[in-house]
Structures are given as structure tokens and as C-alpha cells.
Amino acid sequence: MPSTFYGMEIGRRALNASQMALNVVSHNMSNVNTPGYSRQTISLSASDPFTYPGGGSEQLGQLGTGVNIDSINRVRDQFLDQRIYGANSTQGALAHLTDILGRVEQVYFEPGVTGIGQLMTDFFNSFADLSANPESGAIRATVRNKAQALVSAFRQADTTLGQIALEVQSKVTDKAKDVTGIAVQIASLNKQIRTSVAMGEHPNDLQDQRDALINRLSSIVDVQTYPVKDSTTGRENGELNVLVNGFALVQNDIASTLPSKITTQGGIGLVTENGDTIPLRGGEIYGLIQARTHVEGYIEDMNTLASNLITAVNGLHTTGYGLDGATGRSFFAGTGTADIALDVTVQNDLNAIAAASPLLAGTPFAPGNGDNARALSRLSNAGLVGNLSLNEFYGSNVAQVGADQRGYNLQAENQGKVLESLRSQQATVSGVSLDEELTSMLQYQRTYQAAARVITFMDEALDRVINGMGAGRG
Amino acid sequence: MITRVSTFQSVNRAVFSVQVAAARVDASQRRVSTGRQLNQPSDDPTGTSQTLNFRKRIADLDQYSKTMDQAKGFMSTSETALDGVTLLIRQARSLAVQAASDTISTESRVGIANQIQNIITQVGSLGNTAYGSRYVFGGQRTQTVPFINAGDTFTYQGGTFLNGDGNLTLDVGRGEEMVTNVTGDKVFPAILAVLKDLRNHVSTGEVQLTSREDLAKLDTQLGNLLNVRTDLGSKVQRIEQTKNRNDGLKVSFTEFVSQIEDADLPKSITELQTAQLGYQAALQATASGFKSSLLDYIR
Chain A
1 MPSTFYGMEI GRRALNASQM ALNVVSHNMS NVNTPGYSRQ TISLSASDPF TYPGGGSEQL
61 GQLGTGVNID SINRVRDQFL DQRIYGANST QGALAHLTDI LGRVEQVYFE PGVTGIGQLM
121 TDFFNSFADL SANPESGAIR ATVRNKAQAL VSAFRQADTT LGQIALEVQS KVTDKAKDVT
181 GIAVQIASLN KQIRTSVAMG EHPNDLQDQR DALINRLSSI VDVQTYPVKD STTGRENGEL
241 NVLVNGFALV QNDIASTLPS KITTQGGIGL VTENGDTIPL RGGEIYGLIQ ARTHVEGYIE
301 DMNTLASNLI TAVNGLHTTG YGLDGATGRS FFAGTGTADI ALDVTVQNDL NAIAAASPLL
361 AGTPFAPGNG DNARALSRLS NAGLVGNLSL NEFYGSNVAQ VGADQRGYNL QAENQGKVLE
421 SLRSQQATVS GVSLDEELTS MLQYQRTYQA AARVITFMDE ALDRVINGMG AGRG
Chain B
475 MITRVSTFQS VNRAVFSVQV AAARVDASQR RVSTGRQLNQ PSDDPTGTSQ TLNFRKRIAD
535 LDQYSKTMDQ AKGFMSTSET ALDGVTLLIR QARSLAVQAA SDTISTESRV GIANQIQNII
595 TQVGSLGNTA YGSRYVFGGQ RTQTVPFINA GDTFTYQGGT FLNGDGNLTL DVGRGEEMVT
655 NVTGDKVFPA ILAVLKDLRN HVSTGEVQLT SREDLAKLDT QLGNLLNVRT DLGSKVQRIE
715 QTKNRNDGLK VSFTEFVSQI EDADLPKSIT ELQTAQLGYQ AALQATASGF KSSLLDYIR
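These protein sequence lines are chains A and B, in that order.
Using our numbering, you'd call the opening residue of the first sequence number 1 and step up by one each time.
Using our numbering, you'd call the opening residue of the second sequence number 475 and step up by one each time.
Isolated chain A, as found in the complex:
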């Protein structure tokens, strides 16, 4: 026989459960705009039944005892998370690649009249003008001006590209610091979550916070996460180990410092203090280093162009004669983009520009000879780099820069769609729907009212029993 107040107890449990459920609904609605928040659901079950000890009769069986709150869980698809982390890494890399290569593209000023292509053409064509008027100081001055413009353009491109490549290291250092900072936060959350789990709780919001941090982390470096199992019980203890391709960034509640020393030997990576390489396959740091590799390639191409120009022009120029009748002088100084300059003699004396070709023995110097200038102007179309002319080689370089950038742009665009779709899937699972919560709210509101009604009814029944029945009345 249950106690007199048995029914009231069932009602009380129902009131409790409904109130708790309404709290969960309210929490969900409050966090509708919180990034990284996963909606929570309350898990209810019928509480343990009361076995009726009724004198051997088997007809009564067990009597229900009402509702029990099991747990409050967050709704999250861990596999989807993993896919989002991967997509984040790809997106993070592409964001920096397109950003840096976009800046690189602007360095070339192509197609246009101020790019190195046009300046080279102008320079060689000024030699064609000189071949028609080798005596003219004005045209010699033009040749020198065009050469100066070309030299400046090479130097400027070299400086700007070099600067872009240089910035990468400081950016990587900053990003590595970010990673370490996030790792420290994850480690501390690991500790809190482990404690909470040990006490049998569901630390939903802490887990959300940790997932949000890993989400940010995965944009910067490609990470892998592994749940930690308790060594004695063999069950997951709530901790999450975070690895960067084998490098333990977070282990239990200890965070490591991500190094910022770059290596590109045998793939892109970072070098630890011990000299070990952490390979990278995605993320912003990977993108930065990858972009630098591209930029270094462009600088190398530019240098090939400049050094071939210098060699070819000087080769002819040294054989020619200036208006002063002297020979054997270079036109350019330097060996590449970094140090290309006008030869000091040419810089100071226009007559040193060797427009005249070598003379026959015994023939006096002829100022009207422009044959060497003509030969120099022809370098413009000569196969100087492999079988390509300087302009053709330069054109293929610019096209390469454009093609690289275009490729990454397209990838970034597609990746954006992939990421959007994954996030949408995640939102489908974990996102809060106000309509849904409002419906739940109505549902639990009614449940609460019903439970209250049960208690009221029990109260009335007991009132009848206690105050309206039996001896001693009136």
C-alpha cells in the first residue's frame, strides 16, 4: 500500500521535470545567436516503479512513480565537426594564398604601360632610335632614361616581392602565438571538463566552448582531436587531445608551444626546438608558407629575366664603341634584380653608350655608325632565355602569377561553398530553432499546468478525507 501522499509526490516530480525542461528551453532560446552553441535537450524517463507488496496477488504488479530527469545533453555531430575542421584548414590556407598572391599580382602592373614588359620594349626601342641617330645627345639621354626606368622597375619589384616574402615570417610567428594561446585555453577546459565528467555531469557549455576553440584552431593549423580514455575505467574521461600532424599541442591538461620556425625542406612545416619537423597540410600558417614559396619562385623568375638582360646587353655593349671612341664598357652594373644599375660610366657620360660597332682595322672612328645600337635593339626579339625572348619569358611569368592566383581563387570560392554547406548541416543538427523551442515551451507549460492540477486534486481529495470524514465532527 503506497503512502497517503504518494500521488502528490508523482505530481511534484512532474512539476520539477517540466520546470527543468522549461529552463533548458529558455537556455536554448537565450543562446540562439551564440556562435558554437549546440542546442540542449532534456532527457526524461519514468522513475523506478514501486513494486506493490499486495498479499501474494499478482494482479496489481508494479505501480509507476512518475518522471525522472536523467540528463541534459547537447546535440552535436562529432563527425561533422571533424569535417568542418578539415574544411576550415583548407579555407584558412586559401584565404592567405589568395590574399598574398593578390598583392603580388598588383606588383606587376600588367597588362599596362607601366609594367616591366612595356619598359623593356621601350628600352630596346630606344636603341633602335639611337641606331638612326647615334650622334644625338638627346637620343642618348632617352636611352639612359629608359634604362633607368627599367632598372627602377626591377629594383622596385624585387623590393616589394621581397617585402611580401619577408612579412610571412612575422605573420607565422603571430599565428603560432595565437595557436599556443588557444591551446592553453583548451588545456584548461580539458581539466574542468574532466572534473565535471568525473562527478557524472554533462558539461555541455564547456564542451561547446572547447569545440569553438578547436574550430578557430583548425583555421590556423590542421589539427586532429582524440578523446582521452581513463586508464583504469577505460571510459572517456572528457578530455580531448589535440594534435598537429603528430605534434601534441594539447595533451590532457597540458598545452605545448607551437614553434614558428619555418621549413620547406621535404614539404611545408614548422621546426621544433629539438629540430623535429611538424608537417603542415592546411591552415593559415600552411597557406602563408605556401604563398611565400610561390613568391620566392616569382622573385627567382624576375631575377632570371634581369640577369639575362644584363648579360646580353653587356655582352654586346662591351664590344661596341662610344661616341668618344672608347670601347670595352658595360652598360649595366650588377647581376640580378637586387643590384641591377646603370654602369657608372654610362651613368655619368652619355657618350659612353656604345652605339657603334667594331671598326675595321685602320679606319678612323665613325660617329654615324649605329650598328651596335641596332644589334642591341634586336636583343628585344632574340631567344635569350631558353628559346624565349625576354618579353616572352616575362609574359609567361606574369601568366604564371595570374594562373596561380586564379586557381586559388576558384578553389577558395568552391571551398567557401563546401564550408557553408557543412556549417549549414551542423546548424541543422545543433542550431537552435526558435519555433521548435517555442513549441517545446508550450508543451512543458501545459505539462506543468497538468502536474499542478494533479497536486491540487490530491489536495482536495485529502481535504475530504482529513477534514470531511470520521468521528469528532460537528
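None of these hints come from the bench; they were simulated from the model.
Among the hints, erroneous ones may be present.
[Stated by the list, open to error] In silico DSS-like links for lysine-lysine, alpha-carbon gap of 25 Å or less: (1) A/K146 / B/K691; (2) B/K660 / B/K709; (3) A/K177 / A/K191; (4) B/K546 / B/K724; (5) B/K724 / A/K146; (6) B/K691 / B/K660.
[Unchecked claim] Not close to chain B: a few residues of chain A, all C-beta gaps over 10 Å, as computed: (7) G61; (8) S71; (9) E110.
[What the hints assert, rightly or not] If the Cβ cut is set under 8 Å, some of the chain B residues that face chain A in the computed set are: (10) T643; (11) L644; (12) T748.
For every residue, glycine included, the Cβ atom is placed at its ideal position computed from N, Cα and C.
On the provided structure of chain A, position chain B as indicated by the hints.
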């Protein structure tokens, strides 16, 4: 199965579609406002390489035209000078015919001899014709007076083919050379010698020699001059033709560059309108997506 839709999700989706549509509008707007579809290499890498090549070829054509203008001016000046020489020889020839008459008075002969002397001086000075600051008949020695006249002797001090400083060569096309000058030593000394003989024969009254030899020699010189002038004339003509051909090529190269670099305006404007329509649709969807909620229906 019914897919759950979270509130945040539809906001994100809306923002994403609006951004995609806005980016599309921005790109087409830039094409229309700049009138160019190739603003940076990544817009069309292959096109960039092609357009750079064509730009180079156009610049080369411009340069060849410029060089040819120089060559043409130089050769026209030479031609005009040689025309003058031809006229002077014709004058000398008619004087020679007059002097060859038996009945001519001594006074007249002296007068004719003086006129021939004048012609000699004029021919000599035509040999020193300059184009700008360059002597046209001095070969590569453009800054040295080609002919100096000392006493009765003209000395040529310009460059010669034999010495290797005779030719002024220019590139008038890719791998196309043109010798743009005639060295004075090939034309003037012979003419001057004939004229001097004529003058001497006239002043000494050797009428037979004048009629027998000098007239024939003058004709030979006229013939030579005609050859030289024809050669120059045909080169000038070749330049004209080449320039015309280059202009035609330049038009088609410029056309290529324009096809690669410039936006097809009707097409771009249509694209812009389509993009704007898409943008408006995205905005519309965003606005109407938040209109209704269960909140509107519960007390």
C-alpha cells in the same frame, strides 16, 4: 524525412547568398565601369600572356614605322640633292651645246666657263647636304664635311664602303635591313671631274673636245645619277608599302588586344543586370525569411 531548420542557419544562409550575389554584382559592375574584362593577370592568365605578346608586337611595329620615317626623311633629302645635281648637269649640258658652236665669241666662251664654274661650286655644295645635323653623303662619318674644296680640288673625306664606314643601315622590320644612304664618293667626284674638263675645254676653246667627249660624258653621268636616284626612290617606295602593311597589321593586333582586354559591353551590361536581379532576389528572400515566427501566433 523533414530537415530541421535552425533559426541561426537561415540567417547564415541568407547572409551567404546575399554576399555571393553582391560579389557577382561588384565584378560585373567593375567590368562595365572600366570597360575592361582583363584588369589583372588572374582575370585571364592565358589572355594576359597573349595580350603582352601582341602589345610587344604593336610596339615593335610602331618602332619600325618611326625608324622608317627617319630613313625616309634621310633618303628624301639625298634624293632632292641628287635631283638638284641632275638639274645642274642638264644646265651644264645646254651650256656645253652652246659652247660647242664654232661661231661663239671669246667673251661668250669665258662667260659660259664662269657659269660652269658656278655649277661646279653648286654641285660641290650639294655634296655637303645635311639632314638635321647629319651629312647625308658622308657615310658613317656624318659629322665630317664630306667634300672640301681647296684650290680647284674637291677632296672626299666621308666614309666609304671599302673602309667599312660607308653604310648607314637601319632595321625597317624584323630581320629586315635597309642601307639608307649613298656615299658621296660614288657620285660626286666623277661628275665634278667631267664638269671641270668641260670648263677647261670651254675656257681654252677646245670646241671639238667639248662636242666629241664632254657631252657624251655628261650623258653617262646623267645615266648614273638616274640609277642612284631610282634606287633611292624604290627604297622610299618600299618604306611606304611596308608602313602601310604595318599599319594594317597594327590594326588587327590592336583588335586582338581589345578582344582580350576590353569588355564586350552589351554582354557585360546584360550580365550586370542579371547579377543585380540575383542580388535583389537574395535580398528579397532574406527579408521575407524573417517575417513569420511562431511568436506571432501565441499569446
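Here's how the hints hold up against the structure:
Using a Cα cut-off of 25 Å, the hinted pair A/K146 and B/K691 is violated, with the two alpha carbons roughly 53 Å apart. Taking the CA atoms of B/K660 and B/K709, the gap is near 18 Å; set against the 25 Å cutoff, the hint holds. For a cut-off of 25 Å, the pair hint linking A/K177 to A/K191 stands: about 22 Å separates their Cα positions. For the proposed pair B/K546 and B/K724, the alpha carbon gap of about 20 Å is at most 25 Å, so the pair holds.
Using a Cα cut-off of 25 Å, the hinted pair B/K724 and A/K146 holds, with the two alpha carbons roughly 23 Å apart. Among the hinted pairs, B/K691 with B/K660 is consistent with the structure: their alpha-carbon atoms are about 16 Å apart, no more than 25 Å. The claim that A/G61 is not at the interface with chain B holds, since no C-beta of that chain comes within 10 Å of its own (minimum 38 Å). Its beta-carbon lying about 21 Å from the closest one in chain B, A/S71 satisfies the requirement of being farther than 10 Å from that chain.
Interface exclusion of A/E110 from chain B breaks down, the closest Cβ pair being 6 Å apart, not more than 10 Å. For B/T643, the suggested interface contact is upheld, since its CB lies about 6 Å from the closest CB of chain A, less than 8 Å. The criterion of a C-beta within 8 Å of any C-beta in chain A is met by B/L644, whose closest approach is roughly 6 Å, and the hint holds. Because the beta carbon of B/T748 sits about 18 Å from the nearest beta carbon in chain A, more than 8 Å, this interface hint is broken.
Checked against the numbered hints given earlier, the structure breaks hints 1, 9 and 12 and satisfies all the rest.
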